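Colleague: Please put together the full structure from these sequences, using the hints given.
Protein chains in written order, with this note's numbering: chain A, 2 to 114; chain B, 32 to 146.
Certain hints may be false.
Now the in silico label distances, taken between C-beta atoms and shown as ranges [as the list claims (entries may be wrong)]:
hint : chain 1 : residue 1 : chain 2 : residue 2 : range
1    : A       : T46       : B       : E87       : 22 to 30 angstroms
2    : A       : Q3        : B       : G116      : 13 to 21 angstroms
3    : B       : Q115      : A       : S70       : 22 to 30 angstroms
4    : B       : G116      : A       : R18       : 40 to 48 angstroms
Calculated lysine to any residue pairs in the SDA-like style (CA-CA distance at most 25 angstroms, straight line) [unchecked claim]:
hint : chain 1 : residue 1 : chain 2 : residue 2
5    : A       : K38       : B       : H60
6    : A       : K38       : B       : E59
7    : A       : K55       : A       : I19
8    : A       : K111      : B       : Y136
If you're looking for bench data, these hints aren't it; they were derived computationally from the structure.
Small disclaimer: the values here were computed from a predicted structure and weren't measured.
Using N, Cα and C, we set each Cβ at its ideal position, and we do this for glycine too.
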Amino acid sequence: DQQVKQNSPSLSVQEGRISILNCDYTNSMFDYFLWYKKYPAEGPTFLISISSIKDKNEDGRFTVFLNKSAKHLSLHIVPSQPGDSAVYFCAATSYSGTYKYIFGTGTRLKVLA
Amino acid sequence: DTGVSQDPRHKITKRGQNVTFRCDPISEHNRLYWYRQTLGQGPEFLTYFQNEAQLEKSRLLSDRFSAERPKGSFSTLEIQRTEQGDSAMYLCASSIGLAGTDTQYFGPGTRLTVL
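Modeller: Structure (structure tokens):
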């Protein structure tokens, strides 16, 4: 059972435009969500996170939105840059005594110059 | 560099051999995690330690897999009698935050190829 889903395996965006990456989850116990970026042959790099008590968190060009009723989160990157081209993973965890993350399958973003 | 480090970065082995990977977490982090990532998938949780105690293991971690963190610092992941299905990227992460706000920082991974 895939508790965290990223239904778009790939996305292409023109440089300077907005990139929107989506993530859906099924477990209502999840209360902390994160986005990671991964380049080939490297480990995932933390980008931004959001707690379930918020609906938006912003850090520079990156903004994460959380819609708890829809069990949906999205990552907005604006403006998109060629260096943003990578695979993006969303991850979720719950405050139930476990610290493990559940990851989605990733979305490959390509920013075209 | 004070990030998470993993050694080796690549390992090629023959089916049936044993392999061991090492992870050095960020120095002040008390929790250490192992994940496995296969092609087209996100990282999958294997196990984690708080200090030297192994607190959770996934059912993905068969009896051929064993992990240790003897002094609460570095950790090792051993796979005995490797199978071709063990070929994957093995990722280590570390953290220190409270549950519900804990952010894990990942190392570069060890890519295992079983021939």
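Colleague: With a cut-off of 25 angstroms on the C-alpha distance, tell me whether K38 (chain A) and E59 (chain B) pass.
Modeller: holds (24 angstroms)
Colleague: If you draw a straight line from the CA of K111 (chain A) to the CA of Y136 (chain B), is it 25 angstroms or shorter?
Modeller: holds (24 angstroms)
Colleague: Assess, step by step, whether the Cα of K38 (chain A) is no farther than 25 angstroms from the Cα of H60 (chain B), and give holds or violated.
Modeller: holds (21 angstroms)
Colleague: Regarding Q115 (chain B) and S70 (chain A), is the given constraint of 22 to 30 angstroms on their beta-carbon distance met?
Modeller: Violated: the Cβ-Cβ distance is about 44 angstroms, outside 22 to 30 angstroms.
Colleague: 13 to 21 angstroms was suggested as the range; check whether the CB atoms of Q3 (chain A) and G116 (chain B) agree with it.
Modeller: holds (20 angstroms)
Colleague: Would the hint linking K55 (chain A) and I19 (chain A) be met if the CA-CA limit is 25 angstroms?
Modeller: The hint holds at about 22 angstroms.
Colleague: CB of G116 (chain B) to CB of R18 (chain A), is that within 40 to 48 angstroms?
Modeller: At roughly 41 angstroms between Cβ atoms, R18 (chain A) and G116 (chain B) fall inside 40 to 48 angstroms, so the hint holds.
Colleague: Within 22 to 30 angstroms or not, the Cβ separation of T46 (chain A) and E87 (chain B)?
Modeller: The hinted range 22 to 30 angstroms holds for T46 (chain A) and E87 (chain B), with Cβ atoms some 24 angstroms apart.
Checked against the numbered hints above, the structure breaks only hint 3 and satisfies the rest.
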